[in-house]
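K.L.:
First to last, the protein sequences are chains A and B.
Each residue of the first sequence is one higher than the one before, starting from 1 at the first, in our numbering.
Each residue of the second sequence is one higher than the one before, starting from 1001 at the first, in our numbering.
Calculated from the structure, these hints are not laboratory results.
Since this is a predicted model, take the numbers as computed values, not measurements.
For each residue, glycine too, the CB sits at the ideal point set by N, CA and C.
A few of these clues could be false.
A partial selection of chain B residues facing chain A, derived with a Cβ cut-off under 8 Å [claimed, not checked]:
| id | residue |
| --- | --- |
| 1 | I1145 |
| 2 | H1151 |
| 3 | F1168 |
Spelled out, the chains give:
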Amino acid sequence: MQFRNQKQPEKMEPQMAPMIDVVFLLLIFFMCTLRIISQEGDFNINMPAVAQAQTETPKLLPDFKIRLLADVETGQLVEIRFGQRSLGTGPRAFLLLQQTIKEQIAGSPYADEIEIEIDADFDLNYEHVISAVSACTGEVTGATTEGGRRTISRFVEKIKFAPPRQSQRPPVGG
Amino acid sequence: MRFKKTELTHVEVDMTPMIDIVFQLIAFFMVISNFEQTQADERVRLPTDVLAQPPTVKPAHELVLNVGFVRDPDHGIPKQGPIVFHNSQFCRITETDSPHQVLIYNRSTGQNQTVETVPFAYRLEQEKRLFFDRGVSPAEEVTVIIRADTHVPTGLVQKLIQMSQETFTGSDGSSQEGFAKFALKAEMATDDRAFQPRGN
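Working from the sequences, and respecting the hints, build out all of it.
P.N.:
Put into structure tokens, the structure is as follows:
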């Protein structure tokens, strides 16, 4: 049976405007909260307390000793010593340290046993210690990156710190 | 002369491609937003290094120690030395028990204000005991992540390590070993130049 005035079903269109508003708000939120942070990496150090460390088996090789001397006022690096040998200062000295350790370790059957002790002045800026740890542990073998990672060859795994020295800076009140 | 009347047509803009692009942008920002480094502290300017690589395996238990400075825009690094920012408290790397007052630059007011600092040795002991009470061995299962500023004196970082290593008395009265595993954090250098100091 046919009816007169039968209405055609209306085409329902979803309201896009509120959704677009919300989407733009989300976009602005993520854009504003974005902080461009460089990725962080770490250097692992296994340093048990002295009493615990002494119970370990005696080592086959003596430790390598790195001495880092600082300027008392600024905390900048003044000299790097590998044993008794002075390697100078600055990025070149760290490269020389890296090469020296690499040469000493090359072909040694006890490379895994070698431990490096870093003995730094109290007032030395921490960034130089990180550079020293980096120079002692490995090197970048290829400039190309694989998924954001560099190709790295590690030659020493064991790093430890000598007991802290006394600060040479005058104490500051307040 | 007669003109043919044209009816005004309602032009509808096709929104679909724009919404597609906006959704893609949102997805992009959501992916690159760094929600993981929540314990990172902006008052700590980490040293940069080419060999610093993100760990492949995340440690099961970790304790993050942020050591840095509240820098004053006019005077730079404050003279009273670095501070450990721990659970929104200012701590000093010292063994003495007494609290200490320091002047800290307040960014919102732009002036220095006196803040009471807590000796960090006491906080560290609490952390060790907390891990122990949860059945986690501080010496074997916990990694102490040290995020120290480039200008922190090395001796203070060494002191912090020493304080972390110290034995403590567990809640059952037994003497327990302190932390033994440490990870020194550094920012990944963006270029391949090795051993470049970061500067101020």
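K.L.:
Check the structure against each numbered hint from earlier and tell me which ones fail, lowest number first.
P.N.:
3
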